[in-house]
Amino acid sequence: MDSDLSLNRRKPTGPLISLVPMIDVMLILLVFFMVTSTYLNLDMIPALAQSDRPAQASSGQAGSETFLVRIGGDGAPYHRGQAMALDALADEMTARLTANPALQVIILPTGGAKLQALVSVMDTVTGAGAVNMRVVRLEARP
Amino acid sequence: MKITRPTPRRHPETIIALIDVVFFLLVFFMLIGRMDATAPFEVSPPTALTGADMPAGGVTLSVAADGTMALDGEAIEPDQIEPRIQALLTTQPDVLIRINAHRDAALRAILPRIAQFEAMGARDVVLVVTPPGPVR
Chain A
0 MDSDLSLNRR KPTGPLISLV PMIDVMLILL VFFMVTSTYL NLDMIPALAQ SDRPAQASSG
60 QAGSETFLVR IGGDGAPYHR GQAMALDALA DEMTARLTAN PALQVIILPT GGAKLQALVS
120 VMDTVTGAGA VNMRVVRLEA RP
Chain B
0 MKITRPTPRR HPETIIALID VVFFLLVFFM LIGRMDATAP FEVSPPTALT GADMPAGGVT
60 LSVAADGTMA LDGEAIEPDQ IEPRIQALLT TQPDVLIRIN AHRDAALRAI LPRIAQFEAM
120 GARDVVLVVT PPGPVR
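Protein chains in written order, with numbering that gives the first Met the number 0: chain A, 0 to 141; chain B, 0 to 135.
Don't take each hint at face value.
[Said to hold, decoys possible] Residues from chain A that keep clear of chain B, each with C-beta distances beyond 12 angstroms, as calculated:
| # | residue |
| --- | --- |
| 1 | 40 |
| 2 | 96 |
| 3 | 101 |
[Said to hold, decoys possible] Between beta-carbon pairs, the in silico distance windows are:
| # | chain 1 | residue 1 | chain 2 | residue 2 | range |
| --- | --- | --- | --- | --- | --- |
| 4 | A | 132 | B | 111 | 16 to 26 angstroms |
| 5 | A | 97 | B | 75 | 42 to 52 angstroms |
| 6 | B | 82 | A | 15 | 33 to 43 angstroms |
| 7 | A | 16 | B | 90 | 38 to 48 angstroms |
| 8 | B | 51 | A | 111 | 46 to 56 angstroms |
| 9 | A | 132 | B | 94 | 22 to 32 angstroms |
| 10 | B | 54 | A | 132 | 17 to 27 angstroms |
[Unchecked claim] To be clear about the criterion: a stretch of chain A counts as covered by chain B if any three or more of its residues have a C-beta under 8 angstroms from a C-beta of chain B, and this derived list gives those stretches:
| # | stretch |
| --- | --- |
| 11 | 28–35 |
| 12 | 82–89 |
| 13 | 105–111 |
Source of the hints: derived by calculation from the structure; they are not laboratory data. Glycine included, C-beta positions come from ideal geometry on N, C-alpha and C.
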């Protein structure tokens, strides 16, 4: 009588890795990112471009029509001494740009005006289709 | 004779689904969240409709409504800005300079700074704006 006796070594069971610590770490990381994340939708407006270089700006611009907008300390735009609402400025800009698409717009803000006033005027001018826009400022003579 | 109903065997609730969901949420917040250095004061950028997408990288100069400034989240005195930016421009001439100013900041605190950066050789200076939307 044959007996087929085989002795197999029992496979050692690997160490049981608990998933609980991993879940804890992931939850902590999740809460961290949820709390520290900010969701401001930020855009940008170029404040300095290569074409702003004085050497380039002075060439080829002579004789072109300009449209000067001054921004008062109250934030209102002024054109030819008259305060204008932004809508009226947009209409005026659109009419002038229709006649002359290469119209150069110069914005002269007062130092006491707020940034929002300047950005609103730049926004209006750009929205009207102006492609030549410059912001200038007056410097005190030393 | 007592016949007992066998207790229904509970299916082991798999925890893998929970881990998957948490992991996806984690990745979502890691990708969406901005980890930029924030200013040590409140800065509400001006609103604009014609803003372009913000490029990544660069250095951020924050300006509070009262003119207080911070460079990359660290408060800085105005007279320290020029040497810091100059040193940066020496090593990275094409570095992007973002001016993240409060909408109520006076232009006299911002425009001379832009002219200063231009004189130092900066080529890329942008104003941070935000599109108008619901009141946050």
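Task: C-beta pair residue 51 of chain B, residue 111 of chain A: status relative to the range 46 to 56 angstroms that was hinted - done: 28 angstroms, violated
TODO: For the range 42 to 52 angstroms, tell me whether the beta carbons of residue 97 of chain A and residue 75 of chain B fit it or not.
DONE: 46 angstroms, holds
TODO: Grab the minimum beta-carbon distance between residue 96 of chain A and chain B and tell me whether it stays above 12 angstroms.
DONE: The claim stands: residue 96 of chain A keeps its Cβ more than 12 angstroms from every Cβ of chain B (closest is about 15 angstroms).
Open item on the list: Please verify the coverage claim for the stretch 28–35 of chain A: does it have three or more residues whose C-beta sits within 8 angstroms of some C-beta in chain B?
Closed with: As far as the stretch 28–35 of chain A goes, the hint holds, because 5 residues have Cβ atoms under 8 angstroms from chain B.
Task: No chain B beta carbon within 12 angstroms of residue 101 of chain A's - done: Correct as stated: the minimum Cβ-Cβ distance to chain B is 19 angstroms, above 12 angstroms.
Task: Consistency of beta-carbon spacing, residue 94 of chain B to residue 132 of chain A, with hint 22 to 32 angstroms - done: For residue 132 of chain A and residue 94 of chain B the Cβ distance comes to about 24 angstroms; the hint holds.
Open item on the list: For the stretch 105–111 of chain A, count the residues whose Cβ lies under 8 angstroms from any Cβ of chain B; is that count three or more?
Closed with: Check passed, 4 qualifying residues.
Open item on the list: I want to verify a distance hint. Is the separation of the beta carbons of residue 16 of chain A and residue 90 of chain B within 38 to 48 angstroms?
Closed with: 47 angstroms, holds
Open item on the list: Please check whether the beta-carbon of residue 40 of chain A is more than 12 angstroms away from every beta-carbon in chain B.
Closed with: Contrary to the label, residue 40 of chain A does not stay out of reach of chain B, its closest Cβ about 6 angstroms off (not over 12 angstroms).
Task: Distance restraint evaluation - residue 54 of chain B, residue 132 of chain A, Cβ atoms, bounds 17 to 27 angstroms - done: 20 angstroms Cβ-Cβ, so the 17 to 27 angstroms window holds.
- [ ] Starting from the hint 33 to 43 angstroms, judge whether the C-beta atoms of residue 82 of chain B and residue 15 of chain A obey it.
- [x] 59 angstroms, violated
Task: Coverage of the stretch 82–89 of chain A by chain B (three or more Cβ within 8 angstroms) - done: Violated - the stretch 82–89 of chain A has 0 residues with a Cβ nearer than 8 angstroms to chain B, which falls short of three.
Of the numbered hints listed earlier, those contradicted by the structure are 1, 6, 8 and 12.
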